[in-house]
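**Q** One letter stands for each residue in the lines below.
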Amino acid sequence: MSLNLVYHFQSSQNQEEAFRPASYRLIYFFSNQGFLDRPTLRELSKSVPEADHDLLTFLSLDDLKTFALRVCQEQKEDEVRLISVQDYNIGLDGAKDLPTFRTIFEKFGEVIVNEEAPRKKGFLGKFFS
Amino acid sequence: MVARTLSISSDGVHLAILDQEEKLNKMYSYFEPKVFQSFVEFLSAFGNFLASNKIKSPLWGTNFNYQEGERNISYLADSSIAFEQSFSRYLKQNFKEGVDLGGPKEEANLKSKFTLQVQDLFKSTAETALAPFWIGLQQVTVLGGAPGETIERALQDGKSQLNFVNDILDHYTHDRWISSALLKKSEKGELLPKVLSEHFGTQEVERRYLYKIHGAELSQEWKSFGLVDIFEDGGASFKKTGLISFLDENFRWMYSIQKELNFTNEWIVENQHKVKFFHGANLDRTGFSQMMKLFMMGQKVVLDLTGLPPELDRRLQIFMLENSLKVQTVNFVTTINLSELGDGRFITYEGSRLQTEETTRKFWSHLFRYFNLNHVDINLGTDVFSLWRIRATSPTELNYLDVRRVNFYNPTSYKKQVTIHTKGGFAFLKMIDPSKATAKSVSHGVEVELLPHGRIALDFGHYEET
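Protein sequence lines, in the order shown, are assigned to chains A and B. Numbered according to the working numbering, the first sequence spans residues 1186 to 1314. Numbered according to the working numbering, the second sequence spans residues 2 to 467.
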């Protein structure tokens, strides 16, 4: 079981004399069962104090990864895959149907493994437990 | 191929949608110049085809949209390089001395204005080219057609029935017309075809597409039934003042949010019983006059004075003086002014003073108690959905003023209970078409049990209390 996170990098902006630094914005975060609940994600994003918890934007890719891993641990999933919008779009360009669309989430992005995930037991492990 | 640039959403993702056959359909930018040229050629060929074959059918144009969160977005909206280039040409043409875009907000406003102009160009070109056949334009929202839904539908579990029903009822509340063309049979499941045929069926198609004119008076045919109409174009003024959450708690799916007032005789008569909410900031002279006419026709009208242009404020004062209307002022949370004219009620308040959740709830609760909307009370619980319809009585039901039918749907995998309190004025008549559901009469009304994916309809006779 794994999670997928699609993010969008936004360059810095001057908005009405206020400077907005470059950021990584979360677009989609989902498991095989569906999208993760937004209020829960906002709560978990507090593990990164510098993040904008309402908009779910992070100041660096490392911050985004820290957050993604935190969610992965909370959900007790094996890994989380981070895919940039650019990579998602490249994958989409080559996809033509449902099976090829699904491969985007197998081929693209960076995988972060949750070392704390409960290990899956092998045959002997199940036998002796 | 006419276009080569894929359309991009405001989140930066390419637009692509899965169809019934699980094919991925990519959307290309409308802003490539060749697209418009080809559109004109297509219209000309299509017009010739209709004329040469002497086809006299009326023709509707459609603007397809998708729903992402709270935003209803046209497939024409785009952030691709083709759009940026086209926008740059627009700026050069319209601001010859150059333009200071200021901040991102101003730029976004200009881009949105430009997109609307292009949308209008496509519409007016089609209208001109197909003039003898053209009837009008319909906005249609495609279920499962948002970029996020493409991902959700591709997941192992797919998009749930619960999420689809939730979306459909949200579209119903916002008076949006929907298409289920993309959905597979397995996605529609057991409930969706029922919800769609019962509330977006033939009669609704006839009404929307003007195939058949239905009278405004009640007939033996079922009509959708609501209690409140809210007029608001964009913005979220009524959400901010707590009205929407109050209605969601107390009159769920019995209100309708409309972009504009459809001021026709038929609409006025058909919706006579509804309380109508207007916002000062959204009103122009025409809207203001129509609102006041509704009041004079005996309807219940509520106006949030926030943002009402000074000229309309003056007109309102003059209207009150000219008609010698007595204004009763109540200070409760905000200043409320109440005027009566026959059956008509006109209430104004300052929405900007409705700030905290607790006070807004008190305010709306008092206001709706004053209106005394006579209807059946339902205790629904979460994730059970209900929609009401109404019809005139048959010769065997003359004890009643009208008959109201409620459809309950349970799109979840859990058993659900619903309690209906039939206080004075309503009598339970019968249950119809139960599927995985039961209903029993109890002293205070009716209790319904819905198994997973169950549905049932109940009829209530509405009588005059003596």
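Warning: the hint list may mix true and false statements.
Stated by the list, open to error - Straight-line Cα separation of at most 25 Å, PhoX-like style, residue types lysine-lysine; simulated pairs:
no.	chain 1	residue 1	chain 2	residue 2
1	B	Lys-124	B	Lys-112
2	B	Lys-327	B	Lys-294
3	B	Lys-24	A	Lys-1292
4	B	Lys-189	A	Lys-1281
5	B	Lys-437	B	Lys-189
6	A	Lys-1281	B	Lys-240
7	B	Lys-114	B	Lys-260
8	B	Lys-327	A	Lys-1281
9	B	Lys-294	A	Lys-1281
10	B	Lys-240	B	Lys-275
Honestly, the hints are just simulated from the structure, not real lab data.
**Q** Hint by hint, say whether it matches the structure.
**A** Hints, verified against the model:
no.: 1; hint: B/Lys-124 x B/Lys-112; result: 18 Å, holds
no.: 2; hint: B/Lys-327 x B/Lys-294; result: 17 Å, holds
no.: 3; hint: B/Lys-24 x A/Lys-1292; result: 20 Å, holds
no.: 4; hint: B/Lys-189 x A/Lys-1281; result: 23 Å, holds
no.: 5; hint: B/Lys-437 x B/Lys-189; result: 17 Å, holds
no.: 6; hint: A/Lys-1281 x B/Lys-240; result: 41 Å, violated
no.: 7; hint: B/Lys-114 x B/Lys-260; result: 18 Å, holds
no.: 8; hint: B/Lys-327 x A/Lys-1281; result: 68 Å, violated
no.: 9; hint: B/Lys-294 x A/Lys-1281; result: 55 Å, violated
no.: 10; hint: B/Lys-240 x B/Lys-275; result: 19 Å, holds
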